[in-house]
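Novice: Listed below are the residues making up each chain.
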Amino acid sequence: QVQLVESGGGVVQTGKSLRLSCVVSGITLRGYAFHWVRQAPGKGLEWVAHISHDGGRTDYADSVKGRFITSRDNSNNTLFLEMSSLTKEDTAVYYCARQNWGPYFDSWGQGTLVSVSS
Amino acid sequence: QSALTQPPSASGSPGQSVTISCTGTNDDIGRFNYVSWYQQESGKAPKLLIYDVSKRPSGVPDRFSGSKSANTASLTVSGLQAEDEADYYCTSYVATNSWVFGGGTKLTVL
Chain A
3 QVQLVESGGG
13 VVQTGKSLRL
23 SCVVSGITLR
33 GYAFHWVRQA
43 PGKGLEWVAH
53 ISHDGGRTDY
63 ADSVKGRFIT
73 SRDNSNNTLF
83 LEMSSLTKED
93 TAVYYCARQN
103 WGPYFDSWGQ
113 GTLVSVSS
Chain B
106 QSALTQPPSA
116 SGSPGQSVTI
126 SCTGTNDDIG
136 RFNYVSWYQQ
146 ESGKAPKLLI
156 YDVSKRPSGV
166 PDRFSGSKSA
176 NTASLTVSGL
186 QAEDEADYYC
196 TSYVATNSWV
206 FGGGTKLTVL
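First to last, the protein sequences are chains A and B.
Residues 3 to 120 in our numbering are what the first sequence spells out, letter by letter.
Residues 106 to 215 in our numbering are what the second sequence spells out, letter by letter.
Calculated from the structure, these hints are not laboratory results.
Treat the hints loosely; a few may be bogus.
Mimicking DSS-like on lysine-lysine, the simulated pairs with C-alpha atoms at most 27 Å apart in a straight line are [as the list claims (entries may be wrong)]:
{"id": "1", "chain 1": "A", "residue 1": "Lys90", "chain 2": "A", "residue 2": "Lys18"}
{"id": "2", "chain 1": "A", "residue 1": "Lys90", "chain 2": "A", "residue 2": "Lys67"}
{"id": "3", "chain 1": "B", "residue 1": "Lys211", "chain 2": "B", "residue 2": "Lys173"}
{"id": "4", "chain 1": "A", "residue 1": "Lys67", "chain 2": "A", "residue 2": "Lys18"}
{"id": "5", "chain 1": "B", "residue 1": "Lys173", "chain 2": "A", "residue 2": "Lys45"}
{"id": "6", "chain 1": "B", "residue 1": "Lys211", "chain 2": "B", "residue 2": "Lys149"}
{"id": "7", "chain 1": "A", "residue 1": "Lys90", "chain 2": "B", "residue 2": "Lys211"}
{"id": "8", "chain 1": "B", "residue 1": "Lys211", "chain 2": "A", "residue 2": "Lys45"}
{"id": "9", "chain 1": "A", "residue 1": "Lys45", "chain 2": "A", "residue 2": "Lys18"}
{"id": "10", "chain 1": "A", "residue 1": "Lys45", "chain 2": "A", "residue 2": "Lys67"}
{"id": "11", "chain 1": "B", "residue 1": "Lys152", "chain 2": "B", "residue 2": "Lys173"}
{"id": "12", "chain 1": "B", "residue 1": "Lys149", "chain 2": "A", "residue 2": "Lys45"}
{"id": "13", "chain 1": "A", "residue 1": "Lys90", "chain 2": "A", "residue 2": "Lys45"}
{"id": "14", "chain 1": "B", "residue 1": "Lys152", "chain 2": "A", "residue 2": "Lys45"}
{"id": "15", "chain 1": "B", "residue 1": "Lys160", "chain 2": "B", "residue 2": "Lys211"}
{"id": "16", "chain 1": "B", "residue 1": "Lys149", "chain 2": "A", "residue 2": "Lys90"}
{"id": "17", "chain 1": "B", "residue 1": "Lys149", "chain 2": "B", "residue 2": "Lys160"}
{"id": "18", "chain 1": "B", "residue 1": "Lys211", "chain 2": "B", "residue 2": "Lys152"}
Have a look at the derived ranges for each label pair, beta carbon to beta carbon [as the list claims (entries may be wrong)]:
{"id": "19", "chain 1": "A", "residue 1": "Arg59", "chain 2": "B", "residue 2": "Asp132", "range": "14 to 24 Å"}
{"id": "20", "chain 1": "A", "residue 1": "Lys67", "chain 2": "B", "residue 2": "Arg136", "range": "17 to 27 Å"}
{"id": "21", "chain 1": "A", "residue 1": "Gln5", "chain 2": "B", "residue 2": "Ser147", "range": "13 to 23 Å"}
{"id": "22", "chain 1": "A", "residue 1": "Lys45", "chain 2": "B", "residue 2": "Thr213", "range": "14 to 24 Å"}
{"id": "23", "chain 1": "A", "residue 1": "Gly28", "chain 2": "B", "residue 2": "Thr130", "range": "30 to 40 Å"}
{"id": "24", "chain 1": "B", "residue 1": "Gly120", "chain 2": "A", "residue 2": "Ser120", "range": "43 to 53 Å"}
Partial selection, computed: residues in chain B whose CB lies under 7 Å from chain A [what the hints assert, rightly or not]:
{"id": "25", "residue": "Ser141"}
{"id": "26", "residue": "Ala150"}
{"id": "27", "residue": "Leu153"}
{"id": "28", "residue": "Tyr194"}
{"id": "29", "residue": "Tyr198"}
{"id": "30", "residue": "Ser203"}
{"id": "31", "residue": "Phe206"}
{"id": "32", "residue": "Gly208"}
{"id": "33", "residue": "Gly209"}
Glycine included, each C-beta is placed from N, C-alpha and C at the ideal position.
Use the sequences and the hints to build the structure in full.
Specialist: In structure tokens form, the structure reads like this:
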């Protein structure tokens, strides 16, 4: 049974940086691509980033391109999302999600809340 | 990439059927058969309901079904049950490894 557990969220000031982690268990990490999806308070889901199974390819939503970087450590079954130049619009619950046999997300973590304030 | 368009709310009585629409463009729903649907209960993480427009992962009841016509995808929930009350999101793959979600539909079981 795959399990994803995000951490690293918290309150951060505008313009600062924060790194989120997602520890994955129950599977071999290198076999899968993963995504980050966020949800602002009371709002809908927004796709944020994708990382290929080996980390060789990353893709980002326009809203975070140039500010967010996703990476992975397959040996430690951990994904990362480095967020910089944060604005209040980045306030959201951030989920990591597995991409399995096709372009959709079959397993999700419980999310970690990032609050950006001045 | 603009979000897919969903109605903000839908409702039905127990036992009835409800259909939620999801409208995109020729660059997403109209181009790829990679529409998926997610159910999000209050305070919980989303759960995959439908993938590849109309396929169900194991464990998802066959009361949930998906379809697509041109640039619009649809999720139908048949035989509504109280436990179906949740938010529902569609998403589509867009070219060059990006994805777009719909704004979400809150389903109320009356």
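Novice: Now tell me if each hint is right for this structure.
Specialist: We went through each hint and held it up to the structure:
1. A/Lys90 / A/Lys18: holds (11 Å)
2. A/Lys90 / A/Lys67: holds (16 Å)
3. B/Lys211 / B/Lys173: Within the cut-off at roughly 20 Å; holds.
4. A/Lys67 / A/Lys18: holds (16 Å)
5. B/Lys173 / A/Lys45: holds (25 Å)
6. B/Lys211 / B/Lys149: Distance ~14 Å between B/Lys211 and B/Lys149 Cα, so the pair holds.
7. A/Lys90 / B/Lys211: The given pair, whose Cα atoms are some 25 Å apart, holds under the 27 Å limit.
8. B/Lys211 / A/Lys45: holds (11 Å)
9. A/Lys45 / A/Lys18: Roughly 23 Å separates the two Cα atoms, so the pair holds.
10. A/Lys45 / A/Lys67: Since the Cα atoms of A/Lys45 and A/Lys67 sit roughly 21 Å apart, the hinted pair holds (cutoff 27 Å).
11. B/Lys152 / B/Lys173: Holds, at roughly 20 Å.
12. B/Lys149 / A/Lys45: holds (14 Å)
13. A/Lys90 / A/Lys45: holds (14 Å)
14. B/Lys152 / A/Lys45: Between B/Lys152 and A/Lys45 the Cα gap is close to 17 Å, so the pair holds against 27 Å.
15. B/Lys160 / B/Lys211: Holds - the C-alpha atoms of B/Lys211 and B/Lys160 are around 22 Å apart, at most 27 Å.
16. B/Lys149 / A/Lys90: Between B/Lys149 and A/Lys90 the Cα gap is close to 23 Å, so the pair holds against 27 Å.
17. B/Lys149 / B/Lys160: Holds. B/Lys149 to B/Lys160 sits at ~23 Å (cutoff 27 Å).
18. B/Lys211 / B/Lys152: Answer holds: B/Lys211 to B/Lys152 is near 15 Å, not above 27 Å.
19. A/Arg59 / B/Asp132: 14 to 24 Å: Cβ of A/Arg59 to Cβ of B/Asp132: about 20 Å, so the range 14 to 24 Å holds.
20. A/Lys67 / B/Arg136: 17 to 27 Å: holds (22 Å)
21. A/Gln5 / B/Ser147: 13 to 23 Å: With a Cβ separation near 22 Å, A/Gln5 and B/Ser147 satisfy 13 to 23 Å, so the hint holds.
22. A/Lys45 / B/Thr213: 14 to 24 Å: holds (19 Å)
23. A/Gly28 / B/Thr130: 30 to 40 Å: Roughly 37 Å apart at Cβ, these two residues keep to the hinted range, so it holds.
24. B/Gly120 / A/Ser120: 43 to 53 Å: holds (51 Å)
25. Ser141: At 4 Å from the nearest chain A Cβ, B/Ser141 passes the 7 Å test, so the hint holds.
26. Ala150: Holds. Min distance 4 Å.
27. Leu153: holds (5 Å)
28. Tyr194: holds (5 Å)
29. Tyr198: Holds: closest Cβ of chain A sits about 4 Å from B/Tyr198, inside 7 Å.
30. Ser203: holds (6 Å)
31. Phe206: holds (5 Å)
32. Gly208: holds (5 Å)
33. Gly209: holds (4 Å)
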